[in-house]
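Just so you know, the sequences run in chain order H, A and V. Just so you know, this note's numbering puts 46 at position 46 of the first sequence, and the rest follows in order with no gaps. To get this note's numbering, take the position in the second sequence, counting from 1, and add 333. To get this note's numbering, take the position in the third sequence, counting from 1, and add 958.
Please keep in mind that the hints were generated in silico from the structure rather than gathered at the bench. There's no promise every hint is true.
Where chain H lies over chain V, by a calculated footprint (3+ residues, C-beta under 8 Å) [unchecked claim]:
hint	region
1	981-987
2	1011-1017
3	1068-1074
The structure presented is a predicted model; accordingly, all values stated were derived computationally and were not measured. Ideal Cβ positions, reconstructed from N, Cα and C, are used throughout, including at glycine.
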Amino acid sequence: MRRGAVLLVMALGGCSALYGPQSSAMGQGMESAHIGNLFDLFLWVTVPIYLGVMVFLALAMRRRQARVQGAARPEQEAGWRLGLVLFAVTSALILFGLSVATWFTDRTIARAGAGPALSVEVIGHQWWWEVRYHDPVAGRELRTANELVIPAGATVKVSLSSPDVIHSLWIPNLAGKQDLIPGRTSDVVLKVPKPGEFRAQCAEFCGLQHAQMALPVSVRAPGDFAKWYNAGLATPPVPGGGPEFAGYSLFTGRQCASCHNIAGTPASGQVAPDLTHFGSRTTIASGVLPNTAASLDRWIADPQRVKPGTQMPQVPLSPEERAAVVAYLESLK
Amino acid sequence: MKSIWPVSVLMILLAALVGLGAAVLATTYPAPHATFSDRPVVYGALPAPQDRARLASWAQPSPDGQWTWQLGDSAASRFSPLDDINARNVAQLKPVFTFETGLKRGHEAGPLVVGDTMYVTTPYPNDVYALDLTRPGAPVKWKYHPQSQKAAQGVACCDVVNRGAVYGAGRLYFNTLDGQTIALDAATGHEVWKAKLAEISKGETITMAPLLAEGRVLVGTSGGEMGVRGSLAALDAASGKLVWRAYSTGPDKDVLIGPEFRPFYKQDQGKDLGVSTWNPEGWKIGGGNPWGWVSYDPELHLIFYGTGNPGPWNPDQRPGDNKWTAGVFARDVRTGQARWFYQTSPHDLFDYDDINESLLLDIPTRQGLRKVVARPARSGFFQIIDRMSGQVLSAKPFAYINSMKGVDLTSGRPIMNPDKEPKEGRTTRNICPAAPGGKDWNPVSFSPRTGLVYIAHNNLCMDEGDVDTNYIAGTPYLGTEARMYPGPGGNRGVFTAWDPVAGRKVWEIREDLPLWSGTLATAGDVVFYGTMDGWFKAIDARTGRLLWRTKLVSGIIGMPMTYKGPDGRQYVAIFAGVGGWSGAIVSGALDPGDPTTALGFVNAMKDLVKRTDAGGRLYVFALPR
Amino acid sequence: MSLPCRVSLLPLAALTLLAACGRETRDFSNRMMDSPHRGAKFSGNAWRISNGARLFVWMNCAGCHSHGGGGIGPPLMDAKWRYGSSMADVAYTILNGRPGGMPAFRGKITEDQAWELAAYVRSMSARTRRDALSGRADEPANVEPLPLEKRRRARAVTPEQDAAQKESSKIEGTGP
């Protein structure tokens, strides 16, 4: 039924992206399932009511015409009045029922966050996402940026906050929008049954680059997730030589280290995205460019040309130096 | 004629309202020179002789009237057996000579006296003078000026202070701000050896007074506000070579935790807790600098010292208990191997460095005398810890505390108050005690004659808000904005006489300004201390009654000491030179227009500029002949 | 409204808009660094000052100087300037450090960022265009910078300090 409605909208609007990785139509999260059921209920109830109302409207108009033409039959009045009363009562009951159904759906979604298997903190900055995974052992807390990876089938509680302005996290396939408000912590619960790759976006205007603040979300099988997590905790080795080592020296000796952090190096900046395992990420600058050597070179050469207003300055590097830094960063798998 | 009653009633009501408003204003905003009575507030009686704490049995406080260590003896008593100056004649004290250092920063050290010579250390540039006490006016015998890096002044968190030297076996040992430990020949002032223990490019400095114990010079670094990984080093006193170095964070092999380590509490037992109780790599810039006092028990061969705050101040950036910061270590002085540890402030939220002195006392219990470590901690609790096992026997507040509800003696953990937890993006208000704590570094004294510990300390509260901070080596690593103000009662300082056995205050004196001087107790039953606006005071050791006071040229944040001169008379010496963290508004000419200046301290000290000036003068007093 | 009135409003409106142009220009191209008037361009530009405010916290300037009151470092919101108060002087101090302990930030920040910081530092003592200053931030240190004349009257606590402030303000100006 839902699929049919969506297909109808597609036919009318021609949006082919509805089946893609950033689509709220074919939701896959736990929230989507509950809300989807509610949607179905509403559809099944309100469409017949709509059709019924249209029929009555047509009949009423015909009756009006008849009366004008003098063909009205008075004994039908009482019947109509009864029908009207019945209709009003039924409407009230149906509305009440729908409200109760909504309330229960809402409560189910709210309760679903209890006892999460994984607790993640997403902090929205202008204009990138910081992601911190919590663990009872502090030494196993993982910090990354501009990617959110969660295990399939587990309840994941994502707490949201922001140090600067209001952002909003919207993973259309998995959950609704939730604001990141400075001074407050809000949260959204994700429970995704099957692995998949999705794309989230900032959904609250937050400045010059609000439109270029996407977040790749990857849902992986629990085994794959554990592998990714442990690899993320590992400290990448300092390169032995070659362009990677030259890039490492430049990175830690120049302006890069003032803002970025790479574990195992003297670069411990905390105000820009953590780059410890940058090589494994799918995008650069929070979904703006794909993570390839050419794009990274373009980004470092002039970030303002790619994402004007971004807080990363144009660091003075010669093309050879830049190539070395790119080689180093791409080697951080 | 109209009735006058309505109008007159109205006038009376109006007058009452105005009066009420004025009264409310006066109590909320006390006048700048709020006066607090010198009369002590008495809470209870002195302990009976059999109930008194005693100094550790092996301790011999300052025999021969000398003063070779800032804390008096290795049990940290700051007690002198000299009794020529007593409660009856102290009011006759007169200044005998003065000595100007020529510097106008905070003077926290006290002089040492060995034989006929007095040794004085100064704040940066850390000069050392030897004064000849046999000649009138005590002229300079020699002066030593260390070669040190000027840029060290840019990484010293709390004024460019130095807490003094230590004397042993004909040598004087002291530290420079830029991280050197220097040994001088006490007779000539020639440099014997020099060791470099700290790098200012990483934000490290040294301000503490080194302890001399079993042929080792113990030196701890500073830099908890600069993202420095703290460590305590032991240098060979003869050669200056590094014997061992114990870090305050990181893997067990760096912290010198080995098979001898027997911590009393469960949370301190485990492998490499100095790594796993931090976010990954956080321990490398985690603080824990032991910049305060070290005590030494020669019978047990143990040293006791506390580690400083974890870095950054913003706790959300360093989840976990953050071992081994903000706690007290017992180590074998010969090898550096840790024996036990107790964390006063796990996952510290308020900059409660645990570097305060550890008094080594024996307290009477039903089972006889028990060897303990008595510590007036920064958190405001007076801790009594078993010297051998590290078990906390009691922790009672000597200052007003609302940041913690108490200490759970079963687990050893403080019971935190969740309302006072600082949060990012919000300001948490009225946290008591403020970051300088119930008491900061300035050391207490203990009198075995009264059984009381004399504590000069603070009564400050603060508002705190946190932001994520960046790490750049050589720059501060904080993430906190704070604003301090007087605590309940309006007095910023308190002088407390504390009975460590009963765990209670016996009497206290409320002071307008925070008290940042050390205290000195003598066998003449007189206790000396100084205020930040320059009053040097002598009070009765039993009752706290003010016996004598005199106004010095600058505020006092130094440590008073007493000695017997070559002529056999007893002298009392104190430095006047306000500064340090509390006096930074004067010594650093800071601007009170910004309430977060000096990590919020300036907000509480705006009136200090009007009440005293910067200076650097040593005063020596004696009774008239 | 009569025709002459309406016509005279047009140039007025145009002037108002133009006055805002320089203050609010966002130039992402780094071309400003080569301009001979870059001092004025930075210190009169609201966006540059606001970037400077952000960098002031990010680069830990606030750790030593608090929000202008000083601490490890000297106050930045008063009239005393040890090494000069012009944009070029302050930017030099930031990039190269100074002997008393000010670290050198060359290699840690770009020149552009140093000039933004210089613009912000000067704004702390209201030496920049008043209309280019950032709004009051919602934080414990939310203090608006007072113009120097008002501050001098409020803060002179001893005759010596008053004289010193008058002396130093004579040497400095409020130029770019």
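Results of checking the hints against the structure:
no., hint, in the structure
1, 981-987, "holds (count 3)"
2, 1011-1017, "holds (count 3)"
3, 1068-1074, "holds (count 3)"
Violated hints are absent here; each numbered hint is respected by the structure.
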